[in-house]
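Use the sequences and the hints to build the structure in full.
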Amino acid sequence: MKKKSLLGRFLVWRLKHINNRQFISMLAIIIGVTSGIAAVIIKNSVHFISSLLHRNASPEYENILYVIYPTIGILMAVLFIKYVIRRPVRHGIPNVLYGISKSNAQISRHNMFSSVVTSALTVGFGGSVGLEGPTVATGAALGSNIGRLFHLNYKHITLLLGCACAGAMAAIFKAPIAAIVFALEVIMLDLTMWSLVPLLLASASAIITSYFFLGMDVLYPFKVQNGFIMSDLPYYIVLGIFTGLIATYFTKCYMFIHGIFEKIDSIYKRLIFGGLSLGVIIFFFPSLFGEGYDAINSSLSGNYSYLYNNSFFYSFQDSFWMIIVLLVIVIFFKVIASSITFGAGGIGGIFAPTLFMGVNAGVLFAKLVQHLGLRNLEVNNFALIGMAGMIAGVLHAPLTGLFLIADISGGYQLFVPLMITATVSYATVKTFETHSVYTIQLAKRKELMTHDKDQNVLSLMRVTRLIEKDFSTVNSDATLGELVKIIAKAHRNIFIVIDEANNFQGIVKLDDIREIMFQPEKYDDVFVRDLMVVPEVVIQHDESMADVASKYQYSDKFNLVVLNEGKYCGCVSRAQIFSTYRRMLKHFSED
1 MKKKSLLGRF
11 LVWRLKHINN
21 RQFISMLAII
31 IGVTSGIAAV
41 IIKNSVHFIS
51 SLLHRNASPE
61 YENILYVIYP
71 TIGILMAVLF
81 IKYVIRRPVR
91 HGIPNVLYGI
101 SKSNAQISRH
111 NMFSSVVTSA
121 LTVGFGGSVG
131 LEGPTVATGA
141 ALGSNIGRLF
151 HLNYKHITLL
161 LGCACAGAMA
171 AIFKAPIAAI
181 VFALEVIMLD
191 LTMWSLVPLL
201 LASASAIITS
211 YFFLGMDVLY
221 PFKVQNGFIM
231 SDLPYYIVLG
241 IFTGLIATYF
251 TKCYMFIHGI
261 FEKIDSIYKR
271 LIFGGLSLGV
281 IIFFFPSLFG
291 EGYDAINSSL
301 SGNYSYLYNN
311 SFFYSFQDSF
321 WMIIVLLVIV
331 IFFKVIASSI
341 TFGAGGIGGI
351 FAPTLFMGVN
361 AGVLFAKLVQ
371 HLGLRNLEVN
381 NFALIGMAGM
391 IAGVLHAPLT
401 GLFLIADISG
411 GYQLFVPLMI
421 TATVSYATVK
431 TFETHSVYTI
441 QLAKRKELMT
451 HDKDQNVLSL
461 MRVTRLIEKD
471 FSTVNSDATL
481 GELVKIIAKA
491 HRNIFIVIDE
501 ANNFQGIVKL
511 DDIREIMFQP
521 EKYDDVFVRD
531 LMVVPEVVIQ
541 HDESMADVAS
551 KYQYSDKFNL
561 VVLNEGKYCG
571 CVSRAQIFST
581 YRRMLKHFSE
591 D
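Counting from 1, one number per residue, gives the positions in the sequence shown under the UniProt record's numbering.
Simulated from the structure, these hints should not be mistaken for lab results. A quick note: this is a predicted structure, and the numbers were derived from the prediction, not measured. The hints are all genuine.
Straight-line C-alpha distance at most 16 Å; calculated EDC-like pairs for lysine to aspartate or glutamate: (1) Lys367 to Glu378; (2) Lys82 to Asp265; (3) Lys557 to Glu536; (4) Lys567 to Glu468; (5) Lys43 to Asp217.
Quick look at the structure:
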């Protein structure tokens, strides 16, 4: 009770002395620091677990242990969720998008620590996923709950979610510019000038926290030997198309495997099937173990030993075509391994798998062009640019791909080719897939919010909250005289016809009976069932507001009946929708 009164006194003091913009900026710094700390904890936890496993493993048995390590890690994560959290731990960025669109920007408190534990277990034991999603989920949960603690409105909490995501991305990748671009491109819904200040503060405070604990080195040290060469332009375009096609494969394969696991009803069956399948894949291709950041760094430096080390293919390390085959195989199987990790119950992100596939796609492309004698390309440059193409394609975020790769590698001299490949990749994947892996399921359920303000406001509106119940009802067996008595007390010009079980049967419009209602001789001879009409258009109680708006757009009705499995619920009026829309639009996007 004492704590609550203390908070209450602080809120009163804050309203008197600190305006909203100043307060949000202060919270943005706090969220940036906490997101940075969360990133440090996750990174160090995974490093500790992975080092422990490899330190105690005999080289001759290491591949065999790869078969069981992922299953052990995912099992521990599943047990933690089932018996400790006792609530589902959703994947990071889709969970944030869902929270914004369907949960009034509220994210469960357990996400402030549950994603840290489960992702560390999943990735540390070899799950073929990344850590950025859980870090974003942790930061977003912190932002959401801090906003709720201080009783902020939806718009401000959404801004704090964007700050948390920017902070998490800045800390995990040491990429402050890309983090802000990511928050604006993927998470944020309405950009105003003052919202940039909290985003900048959150990103800056997060990366300073990351620098303090993890050092100031970039994630992928990269030295550009040759910058942009005009004659390489056609190959950057083709690389964009190539990575766009691979990104399309990524999305379709991910959704296909997700569908397979959804049909398995038992979590333990999913775990056994997925864990062992993942273990077998990693047994043959050890480079798919964990995040794959070491492999990416090796590839960027021109060292491709990660493809065949600790594998059956070691004796073929000097074969050009074996390297090409292994590049194709690891690109093909990385998304399968990542999807299986998720399906089996593991928690992680898709940035790392995407970057892994991108660097290998760039190497594969450049080496094939060289071998065919078409042009002597700088393989390392194309490896770097391939990552930007994959991020742009898989996430449907070309600006994030551009700035992320430039930030994490220091490769700003390749800004133009990064821009070209990311743009072409995005355009290519959009030809085949309208939505990214983050948004495709939300879009199917019509729960996705975008940068379209009108669509966002409609998605926040609910039919059940707009129902008006002051329409008079009448039984279909009632006489005209009984209907006239109801009309005398009513203030609406539409009367709902129902039966004894509240089943909707039709409506009676006052304009249709205006003449006959003044003929008393017909009061006992005419029944409501003879006067009612069945409307061509009705609304179901669980319909989206976008569908409801469409029905009003193509009809001349001012009121539509709302039904729930044939039962009458009330009516929704055009005027009520418009006034609610205008009020929410102001609430949603007011600067």
